[in-house]
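Asker: Those protein sequence lines, which keep their order, are chains A and B. Counting in numbering that gives the first Met the number 0, the first sequence runs from 0 upward without gaps. Counting in numbering that gives the first Met the number 0, the second sequence runs from 0 upward without gaps.
Simulated from the structure, these hints should not be mistaken for lab results. There may be inaccurate statements among the hints.
Said to hold, decoys possible - A short, non-exhaustive set of chain B residues, derived as facing chain A with CB atoms under 10 Å:
id: 1; residue: 15
id: 2; residue: 17
id: 3; residue: 19
id: 4; residue: 68
id: 5; residue: 74
Quantities reported herein were computed from a predicted structural model and do not represent experimental measurements. For each residue, glycine too, the CB sits at the ideal point set by N, CA and C.
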Amino acid sequence: MKFGVVTFPGSNCDYDAFRAVADVLGEQAVYLWHKSHDLEGADVVILPGGFAYGDYLRAGAIARFSPIMQEVAAHARRGGPVLAVCNGFQIACEAGLLPGALLRNASLSFLSEIVRVRVENGDTMFTNRYAPGQILRIPIAHGDGRFTADDETLNRLEGEGHVAFRYVNASGNRDAESNPNGSMRAIAGIVSAEGNVLGLMPHPERAVESLVGSNDGLGIFQSMLARVSA
Amino acid sequence: MSRYRVSVHIVPRKGILDPQGKAVADALHTLGFGDVQDARIGRHVVLDVAASTPDAAGDAVRKMCDRLLANPVTEDYEIARVEGLP
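Input sequences plus hints: build the corresponding full structure.
Answerer: Here's what the structure looks like:
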């Protein structure tokens, strides 16, 4: 299976994503330059973290106009999987691939730490290797991660099982202290209505080897592998 | 075609938590400006636009706000000023 990792000017997690796929998952990975119009046959597209275009105007607002995003949107419309991490999540929201928006952390601080998220839906193409309710330890590193949407959108996301991950405490419960950025309803990750785009603020590509503190993120890559190659 | 300078204010929508605005309001209170009841921090964009009339210039900038300058999920905007340029 082939994973295409998009590099925008200002991306800084593209190498981590590439490495998670190529060295840990053992699948093929290619970099896709943002000015390209060619997904190079990638089965999965990864929009990685970073600060594309310096987060000018709003995080993700300019990156969505990169030439490659036309191809990414077409890939998503065809049902192709898109994994949008951190800045990639912001870009996916700005591009309309996912609902909602990511605003400045409620604390106004940039946060770089390991958080706990609970798997809310274990039946998506990104989470089928996890048990529902499983708690994962995955790092975050962002200044603008507060998921925000109107009540109607939030109710729909919850009602249709499109909330993939929520921030929780060690006991697996939601509380204000374990919601690092003040996200509405403690939402850490969502899937699109068709289920083929996952956006999340935590970095699964930084949690694929226990050597660095956690390999809980690897299941997202394994889930895609299981579903897409099936 | 004439040239117009269009100023637009973009602010977080009411009801959406604006931690920057809250921090600034708290600082103003600390300074003794207790009359401040709310503060919201946004963006002020100034564009020079070629258009046939001031209304056309404003309409063009509204389209720009809808498509790029403001986030329709979280922000409101208003055209603050349209002035003719020589």
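Asker: State for each hint whether it applies.
Answerer: Now for the hints, and whether the structure bears them out:
The interface hint given for residue 15 of chain B is met, as the beta carbon of that residue sits about 6 Å from the closest beta carbon of chain A, less than 10 Å. Restraint check, residue 17 of chain B versus chain A: the minimum CB separation of about 8 Å is within 10 Å; hint holds. Interface hint at residue 19 of chain B: satisfied, since its Cβ lies 7 Å from the closest Cβ of chain A, which is below the 10 Å cut-off. A distance limit of 10 Å between C-beta atoms decides the matter here; for residue 68 of chain B the minimum to chain A is near 7 Å, and the interface restraint holds.
Here the hint on residue 74 of chain B is kept, as its CB sits about 9 Å from the closest CB of chain A, short of 10 Å.
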